[in-house]
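Trainee: Here is what each chain is made of, one letter per residue.
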Amino acid sequence: MNKIKKFFSGLLKNIWFGIKTCFLASKTYFLLKIIILLSTTAVPMINIWLWKEVINGIIDREEEKLFLALVIYLALKLSVYILEQVNEYVNSRYEDHLQFYIENIMMDKTSRMDLSFFDSAKMGDKVRHARSNFGVMYQLTNFVFAIVSSFINVIAALIIVCTYKWWIGLITVVLLIPYLIYHKKHADKLLEMEKEQLRDNRKQTYYREVFYDNNLQFEIKLHNTGKFFIEKYKNMWNKLYRINRKEEVRSGIMDVVIMMGVILSDLIVLVVSVFDVLAKRIGIGDLQYNLSMVSRLRGEAQSLAYYTTEFLNNNQRLTELQEFIAIKPESEKSGTLIPGQNPKIEFCNVTFKYPNAEQYVLENCSFAIEPNEKIGLIGLNGAGKSTIIKLMFRFYDPESGCIKLDGVDLKEYNVYAVRKIFGVLFQDYVTYCLPLREIIALSDFGNRNNDEKLKRACDISGASEIIKDWENGFDSVLGRYYADNGKDLSGGQWQLIGLARAYFKESKYMILDEPSAALDPISEDRIFEQLYRLSEGKTSVTISHRLSNTVLADRILVIGDGHIVEQGSHFDLLKQNGKYAHLFNLQASKYA
Amino acid sequence: MTKIKEYLKTIRFSLGLIYRSSGLTIVLYGIICIVNSLFYLADAYALKLVVDGLTGNAPDRDYVLICVGIYILSLILRKIMSTVEELSFSYINKKARHLYECMQAQRLEVLPMSFIDSSKGRDIIDDVRYGANATITSVRRLFTIIASLGTFTVAYVTLAEFNFWFSLLVIVLVIPGIILNTVFDRKAEALRRKQAPDVRKFCYYRWMLTDAWPAKDVRMYDLTDDIKGRYNEEKDDYVRANKRLDAKKARMLTLAEVIRRSAEIIFTAFIIYKAFVGEISIGDIALYIGFLVQADYQFWYMSFLTVISFSWQLDVMKSVLEFFDTSSEESKGKKRSLDTFYSLEFKDVCFKYPHTEKYILTGVSFTLNKGDKLSIVGINGAGKSTIIKLMLGLYTVDSGEILVNGYPMDEYNIYDIRKMFSALFQDFVHYPLTLRESVAMSSVDRRENDDEIITALKQSGVYEDILPKLENGLDSYMSRKFDDKGTELSKGQWQKIALARAYFKKASVVIFDEPSSALDAEAEDMIFKNFESISDGKTGVMISHRISSARMSNKVIVLEGGKIIESGTHDELVELNGLYAKLYNLQREKYTLKEEAK
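Protein chains in written order, with the numbering used here: chain E, 909 to 1500; chain W, 465 to 1062.
So that you can see chain W by itself, here it is in the shape it has in the complex:
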């Protein structure tokens, strides 16, 4: 019962989507679908008329020819109808798929990271990614089932009138096949699910041997045979399991097929007998056999589709509905307006990532004021990048509070808050787009402003390096994905472009997360100088393992194990002689090494 309710809900959703995207075409499609399936019966009937006309006592040539005409007409009509059916479905399919994909992108845009990142969220998103098909075919299946039912009814009634018991036999003997098919479909699906990780395993080994990224390792360590060995090990298990199921399936289904077809065989023999004794005409033979085949097939087909509609189709559709029901990161209610950045305060913030157990931050408090230059220092995994993600409202805290200008973050519109920030992430994005778009991605509305883009490029030090070499200037592609003549950049150059992107936004607060990891000494020097010269009320946040960068800050916080263990200015912290001093001196001593010391 609940299943039927769920099913109706999914159908309502799918029909709504289709109606909104392609209007009433779906009605046309439905009608044609049903009429078209009846045409198979019409063919058989027209042919019967021809044969009967010829075998009658005094064959009338003109009558027979008219019947021939009807038969041909039916063929032609069927062809036209099926073309219209195809075209209308293709229209619905394209339009509905497009709408689905737009809706999906719009949802993904506003869903909170905590959902996108959770394992449940990821499962749902995986389903939804390929859910357009399920959504559209669920309606198509429904129509097909109805059409099948119609054809089946007409065919079956005709047969039942001819001989009730035999017609019943035909239906009864189809049933074992349907049940076995369902059982094996379930089993195959279960096996597929069970094997999914194994399949991914050998796909991964295949990737290792065929992709450019691991190519150096493969050659360096002569891994071809080893990895191929692992691939074949994993694959053999997979093939064996498949074979076991296939063999079992083949045995059972062959048996079911013999049962199902024996009804057809017996019925056919019976029809011939009836014709031989003269109870039915020669034309009836073709008619009844045609109808017999249709009744058997349609019954089987619609049962099959019904089973699908209520099994995995329903599972996928449940994910789809849940996805579109998940609330977005923007909570409702009246929002404070936010024009200028004054301060950002972490108050006793605790946080762990949605799908994990371990707390990354435990009771972190600090304040970032307008005009500050803040450095966050700590060893790998201390939680530095996490602080950045929380500042930007990408995740919500588990306990504690983040205040913006003195008020809790969620009292503002989240997009207003993010407008205040610009950031160079550690894992910044390589857009395969034009240079213009790659830089202006931080503020797309200003992407036509060449001067500002060039200023940003100069500021990040990449202008002289690449722009003069580009044929199409700012509109040159920065990858060959979309343009054969696209320019391929080095890791260091990409980092500079990402930096230009961060500058281009002209935000109140600029965040640098390891901005110089791939850069040479000159480029690094320039970035640090840029950070040092941040002024006119702008605020900067720097995360870097180059502890020297902290010297340019007026505020340094030192993280360890999710807590702030030291904070103050560079000089204060060196004085304190704690972790910060240790890190700083480790680097410093090498730069101030005297020859004798060696």
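Only chain E is shown next, with the shape it has when bound in the complex:
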């Protein structure tokens, strides 16, 4: 009982949510839609009645009544046709509004989520899920209109049929029950099958789509694996086809059987009316009127069932969506202090693991970075170097211990003001498909039309070399996503563009994660020359596996087992002959 109550209160909440969204998307068009909806629902009913009057008028030879009914009938009919055209316009406009309204909410909510939301694959699924929920919401809001419309129709038709013979109305409704039950069951079954086949479907699509990816095509051609994928696709298709085909045929047959029952109500009303006409209890117009009403009742009840089932089946998703919208944005964890431009950063016994992960990345990690120091961060793959950076930006909070900026806990500061301090190049830099101007200026978007600043950033990073003979300069589009003549860049070139973005911000604190992994020695040399020799009064933290790059750093921090295992200048560490010396000599021996 409680469960049912909960279900209905949830349902009501969702319907209310749907209607509210519909209304807020565009108030004008929403009201227009309601008006049109009500009139297109009412007029056909009136017309069926008027038509009865026309027919009876002919038979009873009542000229005036006939004329009046006919004129109103035709006028209403024409106005419905016109209204339908208007409706099309209103719908098309309304859809634009609704779509962009929903997308704005989605962008707003998703982009203000904590980064951890995107983290593990499970969360990745959640993001995808939320995105498809937004898509469903768009559809469901339309269902709300359809449900209201068919509901009004059903009630009106039922009342009219019942005023003729109450028991015909009752029988019609009773005959509809098996249909409704079957429909709901079938829809549930389809939903269940869809869920079961989700992964298989995904696989099937993947096997088919591998041929569209150029990098995959290189490997397919090199290893001659095309047949392998096609074979997998075929097998998966056959498996799914066999299951689905059976269900489809079964439901087709069931549909016919059940519909025969439903059509029975037509038979009943016809036979009863025929007897009434013969007994002269009703006119011939009434017979058609009754038949139309029963058919209408049946048709509208079916669509009511359809839309309601769809709505119910997606009810869960609307609930999830509202939960998603209710998640607190990242800014709520923000403090109020505004940090200085070049602060001292301290890690005090920081322990951290990623949400949902089991393994700790950092354990009791402590170190400090003084202003204007040039720091190198060294460690094996997976040692936690990039994690340290993410903690500095407060993408995550430590599980225990704390991070201090100029002696004050990072949590006391405004989170966006903290991030403004740093110029940064991430290891997994994004290859944006946008105009070059916007790609570089992402770090300080308000200045994207400042060509002088853009040029300066490109000169410092070495990106000027790449763009020197581009016709459209900073307005050139990169990638081919929306421009056919978009430029394709190599990995190394992307790194230089990413560096330009880091420099565009003109901050005093640079953080570079593997800035030269794909760069040739000349570009690499220039970057580090810039970083160590030409950056008076700036602080920098560099992560690199090429240990030659951090030789000139003031201090090198070596991370292992989740904390700092060695630190000091290059030469100090070589003398210590520990982990750093081991790694450095591995590379240096090849140059000896």
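Heads up, a few of these hints could be off.
Below 20 angstroms or equal to it, Euclidean Cα-Cα: the simulated SDA-like pairs (lysine to any residue) are [stated by the list, open to error]:
no.	chain 1	residue 1	chain 2	residue 2
1	W	K543	E	I1161
2	W	K1058	E	E1266
3	E	K1140	W	K853
4	W	K738	E	I967
5	E	K1135	W	R910
6	E	K941	W	L563
7	W	K738	E	D968
8	W	K680	E	K921
9	W	K933	E	D968
10	E	K1103	W	R944
11	E	K1135	W	K782
12	W	K782	W	R571
13	W	K933	E	E1266
14	W	K680	E	D1016
15	W	K853	E	Y1120
16	W	K1019	E	Y1499
Calculated from the structure, these hints are not laboratory results.
Add chain W to chain E, keeping to what the hints say.
Mentor: Same frame as chain E, now just chain W:
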């Protein structure tokens, strides 16, 4: 005329596809389609019989009830028929779509990269990707047009017999609507095409705010409002243009609708008048009005479908036909057999990518002999990776020649050549499949050989790192795409798996393109040692910005601006004191830095 020819060609293709996939079901579907549309008329006729039976002078109860029976029967039959229609179409649709997709994959597999990569090729492939629908519906539309024509004819003839001039009026007044509809469809399509880049723009901004990849940037730079602003700017233009067209369309089509429906209104009034004066029976009213609605609707509907069939449907289908006609990369003719690799020679090779202007390679010549360890050195964009792609026959050269064992490459079967090579590409693929499949992808026939897979994993140094942690061993998924419990790997681990894949093939020539870009010093050291220890007649090619790797090679070529500017052994090149020496010393000096120097 040419359009009709093209249309017939596309229909022949589609029918062929459907016949091959689902046999004669299409004939059944066609027949049902036509019969079914006539049922709408049958309903109206049966109802007329009922009404006439009741309004006659001496109504016969039994006769009327039989007519009622006929009416109900017609309803039931219609329901059955439409279910059969649905099922048979769904059958055809699924089967034909599947065949289409198989054919498409088979084509894509053998098409040359030069086609796949060209902008024309990409456009065609884009069309073809969603072309299954157009292919199947083109036939469905044809049947619907025929069925519509049938229903229309019966309905129209009945009406014309009743009153010729009025029936003509009905048809004539539908025409403005059809023309306007066509015009606006064209306009909408043109607008859609024009807006396509803009739509992609705001979709891109939406992606930036909702995807995981750029999420760090968005948060780092607090971009939500800025990017949302750009999204809304681009979107507003789009919405405004839509609104302009919609408003114009609504005005014109409402006018056309009034014209079209006025015929129906007048005709209806006329029918009622005729009934009132007693020239037709009460039952005829329903019949004629039913037929009137059908004649009007079917005429409109089939014109609409015909217009579609000859406009954008034809465009898509043209791409589809062209796609299946494009020749594959494997040329015909007798091929040399290729058992052992002896040499590969570039002779004065010039090359540019299909869709570009700029030559990447201009006159490149060098030889790779069995047992060689070749290093290719150069700055970013010098054309190193391009050489690899040409070696594998992924593209064809614009001028010059590539010789394998002394004979031109195209005298061999391209697949035989590729069997000789294994490669770790710079942009290697992350397969979301099982570990077994990810490694064995280079030689899928041996994918059940656990020992060899494990050997390859050990060789690339990833075995101890991941395998013990996996619940299902080699059959564990390496992503969560297909399995919730799948393992997510780091960039460095993926690179090692790709390396294991390259080893697993046991090819004569192994190519490494930046194998260590994401790896730490220990892993890098292992890869270089692996390269150094290549032996027993195996050949290796290495591209790396770690110039130290070139020291292990017996042959180094240095590329600049698409040309080989230096070549020789490491020692010779250092002696030469050119670009190579410069690059090498840049790196070397940092590793040999003395404390005083600082």
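Trainee: Which constraints among the numbered hints does this structure fail? Numbers only, ascending.
Mentor: 2, 3, 6, 8, 9 and 11
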